[in-house]
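Peer 1: Sequence:
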Amino acid sequence: MTDTAETAETRTRIERYDPTAIEPRWQARWAELGLHDTDLTGDPRPKYYLLTMYPYPSGDLHIGHWYIVTPSDALARYRRMHGYNVFFPIGFDAFGLPAENAAIKNGGHPFTWTMSNIETMRRQFRSMGATFAWNQEVVTADPGYYRWNQWLFLRFLEAGLAYRAMSAVDWCPNDGTLAREQVEGTERRCWRCHALVEKRDLEQWFLRTTKYVDELLDFTGIDWPEPVRIMQINWIGRSEGAEIDFDTAPDQHQPGGDQIRVFTTRPDTLFGATFMVLAPEHPLVPKLTHPDRRAEVDGYVEQARRETEIERLSTDRAKTGVALGAQAINPVNGEQIPIFIADYVLSGYGTGAIMAVPAHDERDFEFARRFGLEIRRVVATPGTEADAPMDDAYIAHAADERLVNSGRFDGMLADAGGKAIVEWLTGQGRAEPKVTYRLRDWLISRQRYWGTPIPVIYCERDGIVPVPDDQLPVRLPETVDYAGSGDNPLNHDEAFLRVDCPRCGQPARRETDTMDTFIDSSWYWYRYLSPDDDAAPVDPAMAERWTPVEQYTGGAEHAVMHLLYSRFFTKAMADCGLIEHREPFLRLFNQGQILGADGERMSKSRGNVQDPDELVHRYGADTVRLFLMFMGPWDQGGPWSPTGIGGVHRFLNRVWTLVLDAHGREPGDPEAGSLPAGEDADAGRAALRAAAHRTLRDVSVDYDGFRFNTMIAKLMELANTLFRYRGTEVAGSAEWDETIRLLLLMLAPAAPHISEELWSRRLDAAGQPWVSIHAQAWPEVDPSAVVESTREIPVQVNGKLRDRIVVPIDASPDEIEAAVLARERIVAILDGRTPDRVVVAGGGRLVNLVVR
RNA sequence: GCCGGAGUGGCGGAAUGGCAGACGCAGCGGACUUAAAAUCCGCGGCCCGCAAGGGCGUCAGGGUUCGAAUCCCUGCUCCGGCACCA
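One rule links them: number in the numbering used here = place in the first sequence (from 1) + 1.
These aren't lab readings, by the way, just hints derived from the structure by calculation.
Take the hints with a grain of salt, since some may be wrong.
Taking lysine-lysine and the BS3-like style, the derived pairs with C-alpha atoms no more than 30 angstroms apart in a straight line are [stated by the list, open to error]:
| hint | residue 1 | residue 2 |
| --- | --- | --- |
| 1 | 200 | 212 |
| 2 | 320 | 212 |
| 3 | 435 | 288 |
| 4 | 48 | 200 |
| 5 | 435 | 420 |
| 6 | 288 | 200 |
| 7 | 200 | 106 |
| 8 | 435 | 212 |
| 9 | 106 | 605 |
| 10 | 288 | 320 |
| 11 | 200 | 420 |
Please put together the full structure from these sequences, using the hints given.
Peer 2: Right under this line is the structure:
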């Protein structure tokens with residue numbers, strides 16, 4: 002039994018685990034040795050580009066940043082141990098509004114605010130022990146970076162991928178122009194400031210994202226989460242159908258013969274078109290309006306225009322509209338049908354005009370009810386009366402609907418009928434098959450100072466003149482006068498505005514709009530490869546060698562903005578001959594988001610931010626890292642709660658004790674020093690080694706599958722097993738030693754400091770020279786250690802667990818069945834009955850006796 | 001409304017057709033200590049029972065199966081996305 006005096010001595014001999022002493026020392030050592038600097042050109046090992054979404058330098062690095070970065074860093078270390086040359090860069094998404102708001106509020110320059118935040122965040126990131134390649138860092142607000150935004154813009158301009166157009170744009174009173182993706186919700190509020198968004202007609206710069214719609218819908222060759230793919234597919238919104246021309250009918254006020262083109266996905270319902278609706282902005286509206294109707298129509302147009310500017314209420318508000326007092330001719334049957342305008346028809350989608358089929362479209366149905374218009378059923382399931390009264394629009398579901406009330410097409414299957422009708426009309430030059438998309442071109446102009454200046458010049462004589470390459474970058478002026486308002490200060494900066502036209506040399510004016518900051522993040526991972534290159538944005542040899550990115554990790558909130566823009570940029574850059582591939586990220590993982598304890602997004606203003614420095618000070622970075630990985634599945638996120646961090650810290654303490662004090666015995670444990678009942682030292686050593694190798698096998702699978710929480714649980718189990726043998730004859734054996742070694746290696750990616758410290762002490766104790774644990778190879782599983790000689794099989798009767806038996810590992814199903822039926826307990830439960838069936842399931846994993 | 005995802009002890013979660021609740025937190029009991037903290041050992045879904053044991057149990061209801069947290073159908077709740085897209 003325990004010798005108390007000796008134990009006391011043992012316990013005082015080992016020093017306490019003190020992360021604050023260990024961690025900074027190793028961080029300094031790793032930095033000094035350049036352990037994380039990637040040799041991008043000379044290293045012969047296979048490359049692995051691991052990218053994590055770069056942060057915005059808000060200045061408050063909170064626990065959410067750790068949640069994002071820690072598992073990625075563990076993965077970087079894990080891949081390095083597998084012999085990969087891992088590139089794991091970091092940078093800062095440094096343009097954007099908060100810097101300007103801070104400058105407006107506190108005076109000073111956005112640059113100063115941004116750079117001081119970056120400085121703070123660099124220090125905090127280093128305290129995590131993250132293995133970022135700091136010497137490849139990118140800061141997008143640096144002229145050395147945004148210069149290449151400008152250069153790429155000019156290449157896109159040459160390639161016809163950038164253009165300037167007048168357009169009704171979404172306009173936020175605070176933030177100016179927004180991309181469509183930046184307008185949120187039914188009420189159409191700004192994604193940043195939540196102000197109500199208006200429409201304005203402005204000349205703006207666009208990138209032609211629509212050129213790649215079909216390619217963007219194709220995800221072959223990339224392994225992305227299903228929800229992100231679906232969101233992108235929905236956002237692109239492809240629908241197949243036809244465009245059909247309706248002629249206007251002549252009347253005493255206009256000659257008719259104008260063509261109104263509509264888009265429909267259901268040409269089979271054309272016989273049910275009983276009226277037409279144009280968007281209020283439709284160009285034919287003034288011409289078609291009957292003089293008697295003009296006042297009402299103008300009033301409605303004006304109201305609709307205001308309404309899009311004011312709040313747009315829910316989609317189920319009552320339908321409104323007015324008749325133009327003109328008729329159109331249905332091309333399939335020559336019927337004259339009335340033309341309306343209504344705001345439920347959008348000018349920006351399809352052709353801005355629809356044929357209304359009230360019987361088979363909910364919105365048209367509602368409109369028809371309200372205005373007393375004819376509702377004519379033209380598709381029906383077999384057995385439905387063609388003229389049965391309708392309470393609701395009937396939306397056909399499948400191809401087994403048949404046409405009715407459609408003349409010679411009656412009885413045809415709906416989809417075949419649709420095709421036939423389109424073919425027939427196409428032959429007459431009145432229709433053509435057509436695919437429409439919801440996706441629009443990307444509006445990139447922003448009326449802000451703190452972004453990349455769009456490199457064009459407006460000359461009275463030469464019009465729009467691109468800034469020549471050798472005059473890049475167009476720099477932001479170093480002084481900025483906000484004059485207390487949110488208006489773009491570039492508009493008032495004469496030194497910036499005045500420029501000579503590069504073509505004619507006459508005085509001209511610079512563009513003052515800057516680019517959407519999503520431009521910056523659409524290609525930054527290429528720039529990481531050659532951040533100081535002043536000859537080109539991307540070094541072609543480096544891009545060839547290092548991209549596409551093997552693994553990208555980041556939040557799902559970027560599904561339709563950043564991730565779609567990045568795919569667009571990659572394709573556009575490929576078409577400009579800058580890179581050779583067309584998809585940027587081979588694999589994507591969306592981690593969840595850590596919320597405040599209140600379940601809301603963490604933000605300073607809500608006061609729900611968890612400061613990691615405080616936790617690091619108390620528990621050490623390794624504990625915080627491990628806890629964030631242990632909390633739950635990485636893709637889940639959830640509200641922050643530090644409950645339970647003590648358990649993770651205890652685990653690291655136990656590892657510390659196991660490594661440094663294998664023979665210690667705890668006075669509190671009555672079994673201390675004795676082997677588990679019925680086990681001798683040989684069996685104990687074998688069992689320990691088996692546990693170690695099984696853990697290794699399972700932990701590898703968990704790392705590969707991003708299942709860090711179960712990975713850590715398995716390491717805890719192994720530590721618990723080791724603890725059971727601590728102080729016994731097994732402790733200190735070769736198997737013990739091997740288990741400790743494996744435990745440290747498996748722990749190294751997740752808790753890099755403590756594993757490095759214990760590793761170095763072991764080397765020291767063995768008189769061996771120090772080599773970092775992070776430079777070790779990931780260990781191999783010994784299959785012979787994992788095999789077992791017996792196994793325990795649960796036995797069910799009618800699906801209820803009743804017994805367990807232990808059989809030799811190679812027992813045949815017949816032998817297992819015989820063993821089960823010989824069990825006393827089973828005999829008693831069967832009570833003389835013979836099982837109807839004996840299921841030996843899963844190759845002998847479980848036995849189920851079925852008895853009636 | 002449409003499209004995704006989820007619902008398991010007091011809590012975070014594990015098990016994705018085969019022993020429900022791994023691992024951890026909180027809790028309870030014990031050891032050590034003058035004491036507390038720390039540490040160590042043990043218990044731990046709910047109900048009945050001293051116990052052995054039995055019954056119930058993965059949002060609700062139904063189904064498939066020898067066997068369902070897991071697959072299918074219906075409904076409810078929560079989270080995310082889209083929202084008059086013809």
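Peer 1: Confirm or reject each hint.
Peer 2: Against the structure, the hints:
no.	hint	in the structure
1	200 <-> 212	25 angstroms, holds
2	320 <-> 212	35 angstroms, violated
3	435 <-> 288	27 angstroms, holds
4	48 <-> 200	48 angstroms, violated
5	435 <-> 420	12 angstroms, holds
6	288 <-> 200	24 angstroms, holds
7	200 <-> 106	28 angstroms, holds
8	435 <-> 212	16 angstroms, holds
9	106 <-> 605	16 angstroms, holds
10	288 <-> 320	24 angstroms, holds
11	200 <-> 420	38 angstroms, violated
Figure legend: structure checked against the earlier numbered hints; hints not met, in rising order: 2, 4, 11.
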